[in-house]
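Guided by the hints, dock chain S onto chain H, whose structure is given.
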Amino acid sequence: MEFEKKIISASDLPIMPSTIGTMAWNRTGDWRYLTPAVANKLAPCTWDCPAAVPISEYLNALRNGHVERGLKLLLANNPLPRLTGRLCYHPCQAKCVRRKIDRAISIQQIERFLADLGTDVTIEKNSKTDKKVAVIGSGPLGLSCAFYLGCWGCQVVVLDPRDQAGGALVDLSPEKVDPQLLVNEIGRLIRLADIKLETGVAVDFDRPGEVVSKADLVILDPTGLSEDFSVPAGAVAFNPFADKTVDSDIIAAKLPQNLKPFKAPMIAHYIGAGRLMARKAFDRLVMPSGQLRLAAPNPHLSRQMVNIEDIRIEHFLSSDLAERAIAKHGTWEWERALQEAECCLSCGTCNLCLQCVSFCPDASIRLDEDETAVTVDLDHCKGCGICAYECPRGVITMETISA
Amino acid sequence: MKKVMMGTEAAALGAKLARVQVVSGYPITPQTVIVENLADIIGRSELKAKYMPVESEHSAMASCIGASLTGARAFTATSSQGLAYMHEMLHYAAGVRVPVVMVNCNRALASPWNLYCDHTDSLAQRDTGWGQYYCADAQDVLDSILIAYNVAEQAFLPIMINMDAFYLTHTSELVDVPDQKVVDIFLPSYQPSSKLDVDDPKTFGNVCGADLFTSIKYRRHCDTLSLEKVWDRAATRFCDLFNRLHPTVEAYQTEDADVCVIGIGTASGAMRLAVDRLREEGLKVGSLRLAMMRPFPREGFEEAIANVRHLIVIDRDVSFGAEGIVAQELKAILFDRHGDVKLTSFIAGVGGKDISVETIVPMVQQAISGAGTAVEAGTTLWADVLP
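So the sequences go chain by chain: H and S.
Yeah, the first sequence ends on 411 if you go by the working numbering, and it's all consecutive.
Yeah, the second sequence ends on 1502 if you go by the working numbering, and it's all consecutive.
Extracted from the complex, chain H is given alone in its bound form (with noise of 0.2 Å):
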């Protein structure tokens, strides 16, 4: 059967049936029901991390030797990685499906470690526009708030009323969080974000300064004012966590009972309570988020947490899982640290493992020419869903789309 040649007598027929080229005109796509979707999706520390820091993904980086791009995505997710690498309550590492072989990540000894370096790295931002932001409160929530808004744009100025910054973390013990490295963190934090701090700074609403009479909006962070602070008559209380738009020049965030008073261990809430307030305040200043490619746009907004059935642990348990050796809290070496990021399993993020291009039966799954990622052929794919089935991390699912 040469279909490149039109046979018009049965001489023309060569003995043996064969097809002269390859079968690729036999459009077995159309036989598809389900299609299968190659989506990287949120593993399951990072769903569970209040602060939607993208754990798998800057370990994934660290694993690959990437180690700047690794810190870089730390620092574009988490404005206090310092500081939740010491305090946090790691809801992570309770939800890593490493525990099903052994034992979880040290997520926060990675964290702790990566965060202590990385004093002179940049991050990526988007271009500054004229809106003009005053947080006031240099607590958690207010310098998470700040450092987003100053990454995505907005120009942004932090006035604390006390001299030092940092809200209720300058109450805590020196035992939990050193003063110096406090300082440290949020000089960090300011420098990376492009944005200013103004500490001793009396802020009185009937004689506003030239940096709140100027402000597009006024957001007052209950992390860094004390209770007797006297809220402006014109505030409206507005909870970040609430599907609501920011309709006011002066919001003062309002935490849910959980979260009040302040409690160290929840920190990551706070810095997400700023990052959600954030957003919603950009929406309101500058364009609906939606319609420009933040940077470090909220992972949870975007994606699905990876289904933990799907996470073939059989799949880790036959190939060679690296040593595991254990190291005390704060005595972390390079490659200590390296070895323990190689130990993720990437659960939802597609590593190039190629297990589906090998087992697909149909050579209809394959790996792009610039080798990053896989992509299926959808002329030929019948939806046979093998590829889903093997894919260990979960990244391909099979969906009802006709495409």
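It should be emphasised that the hints constitute simulated quantities derived from the structure, not laboratory data.
Counterexamples of contact, computed for chain H against chain S with all Cβ distances above 10 Å:
{"no.": "1", "residue": "Y97"}
{"no.": "2", "residue": "V129"}
{"no.": "3", "residue": "N134"}
{"no.": "4", "residue": "Q188"}
{"no.": "5", "residue": "N192"}
{"no.": "6", "residue": "S238"}
{"no.": "7", "residue": "P240"}
{"no.": "8", "residue": "D378"}
Okay, derived cross-link-like pairs now, DSBU-like style, lysine-lysine, Cα gap no bigger than 35 Å in a straight line:
{"no.": "9", "chain 1": "S", "residue 1": "K1118", "chain 2": "S", "residue 2": "K1165"}
{"no.": "10", "chain 1": "H", "residue 1": "K390", "chain 2": "S", "residue 2": "K1332"}
{"no.": "11", "chain 1": "S", "residue 1": "K1310", "chain 2": "H", "residue 2": "K390"}
{"no.": "12", "chain 1": "S", "residue 1": "K1165", "chain 2": "S", "residue 2": "K1117"}
{"no.": "13", "chain 1": "H", "residue 1": "K390", "chain 2": "S", "residue 2": "K1317"}
In this text, a Cβ means the ideal position worked out from N, Cα and C, and glycines have one as well.
Quick look at chain S alone, frame taken from chain H:
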């Protein structure tokens, strides 16, 4: 050089002399000796071939098809249930036109379980498109494997060499072993017109619409019909080199015969002895061994029985609800002569029951006189059944 050997050893030796390049097999009584012998031969480096110990007969045939498509000469051997398990792949092999040669040891099909001679296993595969040859003795086994490769590779069709379980597989006979150098002249290396080749990609056995499908099947049918002539030509050439003739039809004393006893396989030897006995009694009897069953050797058969008025067919097989399969074949061929030829069909020797002079003579007498112990069932007579 002459040697005493069992039929299974003759089969393995035939494959060795054919210089097969791939042997893929799965053991089954009474075939096992063939693949065991070949494993030994390959293990001793007496034959440069790949031996594949697969997990089933289905895979044995599938791998022979694949091997043959790459241009290798492929061989396998099986029997009975194993052949039945291959069924799907048998159609495929003929359809994709691979010249695989397989030895089948004719053994009864279960149930009930029986290891002995019966032809139903291979005759039930007659519509798969394979050439079918039924051997008379161990020499025939060895020689016919060589002829089969020669024929199969000319016609691009697979050929099944059938040998009777135990009568042939496990009986030792004197066999004249051909010289390898002369075999190499008779059977040069396989040169396919088309094969799997990464440098010249082709797809075999792919999807095909009805228009081409019809023409492809038609052509295959014509090529299969031509096997009778191709075999006889190759057999003549073989005879020139080795002085042994293996025709598609083997006639004995049929020239002046009124009655002809017909069968396939080893029972043809007993039939010849019965012919001698009956001729002593004054009956003009001949006998005919149909060596080839697919394609049906129509020309040779019609010529051999041109003067015969009464055919007696002894089937070592049955198509339940019809009659013996060889008898059905003959009736189809004789349709135009049905007015002047009588055909009596017997079923005898199934499951390894001996077909001897002592059983053949009474069958012939019953066919002529109408009186005897064989029991009528439809259009056929069953011998050896309990009263």
